[in-house]
Amino acid sequence: MSRNNLYKLGLIVVISAFCLFLSYPPSEQINLGLDLRGGIHLVLDVVVEEAVAGQVRTDMGRFQERLEDEGVVPSETILDSDVSFSMTFNTEPLRDQAEVVAANIFTSSSGNDSYNVSLSSNPPTLKLSLDAAEQELSKDAAVRQALQTIRNRIDQFGVAEPVIQRQGMAGTRILVQLPGAEDPERVKNLLRTSAILQFRLVQAGPAQTREALVAAAGGQLPVGTEIVESIPETVNGVEIPTLFYLLDIVPIVEGGELKDARLSQDQFGLPAIGFTLEATSAQKFGEFTSTNIGRLLAIVLDDRVQQAPSIEARIDGDGIISGQFTLAEAEDKSLMLRSGALPASIEYLEDRSVGPSLGRESIRQGVLAAIIGMSLVVVFMLIYYKGAGINAVLALALNLIIVMGVMASLQATLTLPGIAGLILLIGMSVDANVLIFERIREELDLGKTVRSSIDAGFSKAFSAILDANLTTLIAAAFLFQFGTGPVKGFAVTITIGIVASMFTALFVSRLMFAIWTSTRRETLSI
Amino acid sequence: MRLIGKTNIDFLGKRGIGAMISATLILGSIASFVFHGGLRYGIDFAGGSQVIVLFAERPELDVLRDTLVAEGIEDPTIQEFVAQPGREEVLIRTPLTDEGNAGLLGEIYSALKVFDPVEVSVSQELDFNTVSREVVASRLLEVNPLEFNTVVDIDDARAEYERVADLALSARDQVGLLSSWDAVEGTDIDPRILSWIQATFYFGGYAVVGQDFVGPQVGADLRLQTAYAMFWALLGLLAYITYRFESRFGFAAVVALVHDVFIAVGAFSIANREFNLPVVAAFLTIIGYSLNDTVVVFDRIRENRQTQRRMPLAESINLSINQTLSRTVLTSGTTLIVVLSLFFYGGPVINNFAFALLIGVLVGTYSSIFVASPVYYELSKRAIAKKK
Numbered sequence: 001m002s003r004n005n006l007y008k009l010g011l012i013v014v015i016s017a018f019c020l021f022l023s024y025p026p027s028e029q030i031n032l033g034l035d036l037r038g039g040i041h042l043v044l045d046v047v048v049e050e051a052v053a054g055q056v057r058t059d060m061g062r063f064q065e066r067l068e069d070e071g072v073v074p075s076e077t078i079l080d081s082d083v084s085f086s087m088t089f090n091t092e093p094l095r096d097q098a099e100v101v102a103a104n105i106f107t108s109s110s111g112n113d114s115y116n117v118s119l120s121s122n123p124p125t126l127k128l129s130l131d132a133a134e135q136e137l138s139k140d141a142a143v144r145q146a147l148q149t150i151r152n153r154i155d156q157f158g159v160a161e162p163v164i165q166r167q168g169m170a171g172t173r174i175l176v177q178l179p180g181a182e183d184p185e186r187v188k189n190l191l192r193t194s195a196i197l198q199f200r201l202v203q204a205g206p207a208q209t210r211e212a213l214v215a216a217a218g219g220q221l222p223v224g225t226e227i228v229e230s231i232p233e234t235v236n237g238v239e240i241p242t243l244f245y246l247l248d249i250v251p252i253v254e255g256g257e258l259k260d261a262r263l264s265q266d267q268f269g270l271p272a273i274g275f276t277l278e279a280t281s282a283q284k285f286g287e288f289t290s291t292n293i294g295r296l297l298a299i300v301l302d303d304r305v306q307q308a309p310s311i312e313a314r315i316d317g318d319g320i321i322s323g324q325f326t327l328a329e330a331e332d333k334s335l336m337l338r339s340g341a342l343p344a345s346i347e348y349l350e351d352r353s354v355g356p357s358l359g360r361e362s363i364r365q366g367v368l369a370a371i372i373g374m375s376l377v378v379v380f381m382l383i384y385y386k387g388a389g390i391n392a393v394l395a396l397a398l399n400l401i402i403v404m405g406v407m408a409s410l411q412a413t414l415t416l417p418g419i420a421g422l423i424l425l426i427g428m429s430v431d432a433n434v435l436i437f438e439r440i441r442e443e444l445d446l447g448k449t450v451r452s453s454i455d456a457g458f459s460k461a462f463s464a465i466l467d468a469n470l471t472t473l474i475a476a477a478f479l480f481q482f483g484t485g486p487v488k489g490f491a492v493t494i495t496i497g498i499v500a501s502m503f504t505a506l507f508v509s510r511l512m513f514a515i516w517t518s519t520r521r522e523t524l525s526i
Numbered sequence: 001m002r003l004i005g006k007t008n009i010d011f012l013g014k015r016g017i018g019a020m021i022s023a024t025l026i027l028g029s030i031a032s033f034v035f036h037g038g039l040r041y042g043i044d045f046a047g048g049s050q051v052i053v054l055f056a057e058r059p060e061l062d063v064l065r066d067t068l069v070a071e072g073i074e075d076p077t078i079q080e081f082v083a084q085p086g087r088e089e090v091l092i093r094t095p096l097t098d099e100g101n102a103g104l105l106g107e108i109y110s111a112l113k114v115f116d117p118v119e120v121s122v123s124q125e126l127d128f129n130t131v132s133r134e135v136v137a138s139r140l141l142e143v144n145p146l147e148f149n150t151v152v153d154i155d156d157a158r159a160e161y162e163r164v165a166d167l168a169l170s171a172r173d174q175v176g177l178l179s180s181w182d183a184v185e186g187t188d189i190d191p192r193i194l195s196w197i198q199a200t201f202y203f204g205g206y207a208v209v210g211q212d213f214v215g216p217q218v219g220a221d222l223r224l225q226t227a228y229a230m231f232w233a234l235l236g237l238l239a240y241i242t243y244r245f246e247s248r249f250g251f252a253a254v255v256a257l258v259h260d261v262f263i264a265v266g267a268f269s270i271a272n273r274e275f276n277l278p279v280v281a282a283f284l285t286i287i288g289y290s291l292n293d294t295v296v297v298f299d300r301i302r303e304n305r306q307t308q309r310r311m312p313l314a315e316s317i318n319l320s321i322n323q324t325l326s327r328t329v330l331t332s333g334t335t336l337i338v339v340l341s342l343f344f345y346g347g348p349v350i351n352n353f354a355f356a357l358l359i360g361v362l363v364g365t366y367s368s369i370f371v372a373s374p375v376y377y378e379l380s381k382r383a384i385a386k387k388k
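The listed protein sequences derive, respectively, from chains A and B.
For the first sequence, position 186 (counting from the first letter as 1) is numbered 186 according to our numbering, and the numbering increases by one without interruption.
For the second sequence, position 146 (counting from the first letter as 1) is numbered 146 according to our numbering, and the numbering increases by one without interruption.
A few of these clues could be false.
[Unchecked claim] Calculated lysine to aspartate or glutamate pairs in the EDC-like style (CA-CA distance at most 20 Å, straight line):
hint: 1; chain 1: A; residue 1: K284; chain 2: A; residue 2: E254
hint: 2; chain 1: A; residue 1: K460; chain 2: B; residue 2: E303
hint: 3; chain 1: B; residue 1: K6; chain 2: A; residue 2: E443
hint: 4; chain 1: B; residue 1: K6; chain 2: A; residue 2: D445
hint: 5; chain 1: A; residue 1: K127; chain 2: A; residue 2: E65
hint: 6; chain 1: A; residue 1: K284; chain 2: A; residue 2: E312
hint: 7; chain 1: B; residue 1: K6; chain 2: A; residue 2: E442
hint: 8; chain 1: A; residue 1: K127; chain 2: A; residue 2: E68
hint: 9; chain 1: B; residue 1: K113; chain 2: A; residue 2: D183
hint: 10; chain 1: A; residue 1: K188; chain 2: B; residue 2: E107
hint: 11; chain 1: A; residue 1: K259; chain 2: A; residue 2: E331
hint: 12; chain 1: A; residue 1: K127; chain 2: A; residue 2: D59
hint: 13; chain 1: A; residue 1: K386; chain 2: A; residue 2: E442
hint: 14; chain 1: A; residue 1: K460; chain 2: A; residue 2: E442
hint: 15; chain 1: A; residue 1: K188; chain 2: A; residue 2: E161
hint: 16; chain 1: A; residue 1: K188; chain 2: A; residue 2: D302
hint: 17; chain 1: A; residue 1: K188; chain 2: B; residue 2: E134
hint: 18; chain 1: B; residue 1: K113; chain 2: A; residue 2: E185
hint: 19; chain 1: A; residue 1: K284; chain 2: A; residue 2: E257
hint: 20; chain 1: A; residue 1: K259; chain 2: A; residue 2: D318
hint: 21; chain 1: A; residue 1: K284; chain 2: A; residue 2: E65
hint: 22; chain 1: B; residue 1: K14; chain 2: B; residue 2: E315
hint: 23; chain 1: B; residue 1: K113; chain 2: B; residue 2: D62
hint: 24; chain 1: A; residue 1: K284; chain 2: A; residue 2: D260
Derived from the structure by calculation, the hints contain no laboratory data.
Produce the complete structure using the sequences and hints provided.
This is the structure in structure tokens:
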């Protein structure tokens, strides 16, 4: 064997050893897709219009407070739409004063007015609508915050290697992939819940019906209050019907002011949520509770009264929320409170979950199909090409080793269509060998010597091999560009496989022939 | 060994027969399209909800259908996915509702409750076959059979119970559904925990092993993306072929490609199989593969035209097809072997994908001989006649 061939052989051995090292054991080194490993794939849409509407409502409240401070009180305030509100005044000068206040407080960070103002007389009305650019900013901020909240929740939930991505730069969609996660309904609830916690003062109630509360208030609810339902409860196996409370709209403290929330126990040893407020809110809360001892304080979670204990003493920063939680619920809820509230509700656009047993079954069947297919091809090649068949089989084996090694080192994901791609590759990668072998046979038939037949076979088959592989690569590239999940996995496997098969056919196979002819020059088993 | 020796078949002379076969296949595809009212889109493109349910025993499909309808699902599709002893899988699919965004997964789940065992003791409140690791772990932490001091050692306790939950449920996931405790007893789970598990759980009659919900927006997006992928891939391939060969070769190759895709899609319609995302991937691969065969023949035609300039065009094309015939049959053969293996053993999840590949390999091989080369011949003949 020539020195040159020895080097080449050495190189091939090193490459295969390295690829084996990278991909062994495959169960640990190869990154499996959700369809094989089991897991949850969700695409969710942040309903950003809600966030905009929420901002407009908050701004309206802020504006009203400010106007009251200045002594400019509108006779009527109406929310016209999700993005605008109108105020009617008794006189035009009052309206103009209000306009000055609006110009003062609604200035965006860039110095422009964040609201467009329009005035009308008869009656004197001031209409404020949120600027289009501001709306976009508000939407973008909502998606960012939702992304952050979801990321926090998943981090806390403890899933390894999650994917949490915004789809598109300005999109409202978020992709969430949780490998190995099992309980799609629980995860969906965990991500969907707004987790808005509020402490609000109870003005009246509880009452059995909504009507009773309205009647007690004299048929008209006081300004700044609303009716909120309680969560359904069971005590000692008896269901207590939903109760109704009349609450202040403006909360004393909100969930955003929480420093921490954790799993805790109430005085009966039942699961509860323990919380700690931020320092400033703790002080506000302390002052409020000390001056309102004896009154009822409603703990409202996602617009439902969780419980409404009476204030026994000053409460500073710490407390617990009890109320019929199971351990899992208490755990999930404290997790949600810790990770922040969602700025708007979310909708699920896509939900795909694969259980572990289905993934396992898919792997089993894929591997079975691969083994059967590969054995048949190997047997066929050995019978059909005899000695040269060994050559092709070696190239095929090496090809698979390289594909696994490259996939492991690139951290590429193997999916079920990816396994199918590997199987297809087994059939396709012998193509290059077949092209070469057939050409060598033709040259031998023309009466050429073994060595020159081999040379001619390789050089004449080369352009066909290159064209054929490049065309498949082009198709695979577009699949990768446009495909999602499993299909992308297929494109990756095919691409790596085609490049590897060119290497093995043109370099490895060639070397095998060279080694063969260096020992037995006169005959060729093909 | 040689299957195909030196052949001298007049392929071009048989192009009339080829054209008739192709025309029949294409007309058949169109007829099937009209008859079926288009393709049967899978959930990826059509949207909707779909679950794969593993049953302990072969379920009465009529009962399942009736309960689904009773839950308000108007037109469920029920299909036996796998029917082997020990593995009975049924696929239930429902179309999108009028409200659009809401899936019907919840309704499907409630309908499935019919298949729960009737007699379950009061203490056995949870279904071992559907419970998740998190729930088992958190219940164990609550009950605390190992009597950890949960104030001091809460983290240790949590870690231990999570480990045990994983151990117990992995034994289940090996099989999918359990109906006795043998597999769980075979693990090294502490007897105190084991007896708690046995007292708390019962064996439900089914487990949902996969669920999909695709909303209308996502379905529409996927359709659009797929159309783009097909379009750009075809354009890219056309560009490549025209760059590598003269334009007549390129045109002939693309005619063959369109022919292949048309018939492959038609085959899906005729077989009334579901057309979904992986199938599109298979089609694109077919496009690449079919071109592969065509390119090999064209490459040879080009070579023969250069080396034997005196040879008439038709003879030269026939010679090239004959010279490459052995290779074409062999590689199609090896690819067919693996694709058949995938089709028969690859499992139900990728059966449609394998079917697309199967059709593609057959049609692609056929078209490189009976479509691409004749089209090139006709084009070139005209060009030569014009020159004269």
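Below or equal to 20 Å on CA atoms is what counts here, so check B/K6 against A/D445. holds, 10 Å
Are the Cα positions of A/K284 and A/E254 separated by 20 Å at most? holds, 11 Å
Assess, step by step, whether the Cα of A/K188 is no farther than 20 Å from the Cα of A/E161, and give holds or violated. The given pair, whose Cα atoms are some 18 Å apart, holds under the 20 Å limit.
Checking one constraint from the list: CA of B/K6 to CA of A/E442, max 20 Å. Satisfied? The given pair, whose Cα atoms are some 9 Å apart, holds under the 20 Å limit.
Given the hinted pair A/K284 and A/E312, is their alpha-carbon gap at most 20 Å? holds, 17 Å
Against the 20 Å threshold, does the CA-CA distance of B/K6 and A/E443 hold or violate the hint? Cα-Cα ~13 Å, so holds.
Are A/K188 and B/E107 close enough, with their CA atoms no more than 20 Å apart? holds, 16 Å
Given the proposed pairing of B/K113 with A/E185, does the C-alpha separation stay at or below 20 Å? Distance ~16 Å between B/K113 and A/E185 Cα, so the pair holds.
Pair hint outcome, A/K284 versus A/E257 [Cα-Cα no greater than 20 Å]: holds, 11 Å
Proposed proximity, B/E134 with A/K188 (alpha carbon, max 20 Å): Judged against 20 Å, a Cα distance of about 15 Å means the pair holds.
Holds or violated: are the alpha carbons of A/K259 and A/E331 at most 20 Å from each other? Since the Cα atoms of A/K259 and A/E331 sit roughly 17 Å apart, the hinted pair holds (cutoff 20 Å).
For A/K460 and B/E303, compute the direct alpha-carbon distance and say whether it is at most 20 Å. holds, 9 Å
The structure is consistent with each of the numbered hints, conforming to all of them.
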